[in-house]
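Asker: Chain by chain, the residues:
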Amino acid sequence: MSEALSFRFSVDGENFTSAGQASVQVKKNLRQLGLDPEIIRRVSIAMYEGEINMVIHAGGGVAEVKVAEEFVEIILEDHGPGIADIEQAMQAGFSTAPDKIRSLGFGAGMGLPNMKRYTDYMDIESKVGEGTRITMRVNIT
Amino acid sequence: MKICTIKELLDARVLAGEERLGNHVYSACGSDMMSDVLAYVKDQAVLLTGLVNTQVIRTAEMMDMVCVVFVRSKTPTPEMISLAEESGLVLLATDKRMYEACGILYSGGLVSNKVKKATV
Ligand SMILES: Nc1ncnc2c1ncn2[C@@H]1O[C@H](COP(=O)(O)OP(=O)(O)O)[C@@H](O)[C@H]1O
Ligand SMILES: [Mg+2]
Chain E
1 MSEALSFRFS VDGENFTSAG QASVQVKKNL RQLGLDPEII RRVSIAMYEG
51 EINMVIHAGG GVAEVKVAEE FVEIILEDHG PGIADIEQAM QAGFSTAPDK
101 IRSLGFGAGM GLPNMKRYTD YMDIESKVGE GTRITMRVNI T
Chain G
142 MKICTIKELL DARVLAGEER LGNHVYSACG SDMMSDVLAY VKDQAVLLTG
192 LVNTQVIRTA EMMDMVCVVF VRSKTPTPEM ISLAEESGLV LLATDKRMYE
242 ACGILYSGGL VSNKVKKATV
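Line by line, the protein sequences are chains E and G.
The first sequence runs contiguously to residue 141 in the numbering used here.
The second sequence runs contiguously to residue 261 in the numbering used here.
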């Protein structure tokens, strides 16, 4: 059995311009591994939404991507404000993003629902005042 | 439709990806909200937008799009242009506004939805 491959990135919370860099790099890495383009696209979109969330809501964090035999796993961890009501946050259109973020093209409240839609598994652990950890998986087979 | 036809129809300038103007695209969408593009776009290969920041380029790349058209005379930064070159995107800029640019392409045969995927 081969070891799962993993990539780790720190996501800068101060810089909206660089948000998404980790996702772009992951997309390149997965292409090099020769994964199916549709799988890569689903991983990329889910991770990009999560990365943007870490930047606009949580002041940055750490992203880790593991390529196992049966799935690609994305773990996004931050020490931001946490999510008080996860069920509400998951609703399409719910957003606490300020207008400034909307003028940058984000904050429509579609990120978390989109992450759920593009992945086969998604789990959110969050504690107010401590942070958020999101685990997503996209099956390879 | 060939990307060079989009360029001609919109009287657009080519800012990146000159060598890919011969590629074909089959569908397009227009939006200033990247959130909406990420949530609702399926196989559209061309994005028309009035928003100018690096996230436009990354959104297009994540979605496997092949061409971004900036409307209303918006000009992307050198950083955006080099990001686009790196990821193989064609960048065009037109003086036309969103409504007009979309209308011209739509009536030229580039629809909003087509099952067939773009050839890259
Ligand atoms: N990493 C996070 N840390 C704290 N809050 C978050 C995080 N991710 C999402 N949220 C909360 O969940 C809401 C919904 O997220 P999302 O669906 O991505 O919409 P949007 O980012 O457009 O607001 C956000 O507005 C925010 O309140
Ligand atoms: Mg979001």
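Among the hints, erroneous ones may be present.
Keeping only pairs whose Cα atoms sit at most 25 Å apart, straight-line, the calculated DSS-like set for lysine-lysine is [to be verified]:
{"id": "1", "chain 1": "G", "residue 1": "Lys143", "chain 2": "G", "residue 2": "Lys183"}
{"id": "2", "chain 1": "E", "residue 1": "Lys28", "chain 2": "G", "residue 2": "Lys148"}
{"id": "3", "chain 1": "E", "residue 1": "Lys116", "chain 2": "E", "residue 2": "Lys127"}
{"id": "4", "chain 1": "E", "residue 1": "Lys100", "chain 2": "E", "residue 2": "Lys66"}
{"id": "5", "chain 1": "G", "residue 1": "Lys148", "chain 2": "G", "residue 2": "Lys237"}
{"id": "6", "chain 1": "G", "residue 1": "Lys143", "chain 2": "G", "residue 2": "Lys237"}
{"id": "7", "chain 1": "G", "residue 1": "Lys143", "chain 2": "E", "residue 2": "Lys116"}
{"id": "8", "chain 1": "E", "residue 1": "Lys100", "chain 2": "G", "residue 2": "Lys215"}
{"id": "9", "chain 1": "E", "residue 1": "Lys28", "chain 2": "E", "residue 2": "Lys116"}
By construction, these hints were calculated from the structure, which means they are not laboratory data.
Asker: Would you pick out the hints that fail for this structure and give their numbers low to high?
Answerer: Violated hints: 2, 4, 7; rest satisfied.
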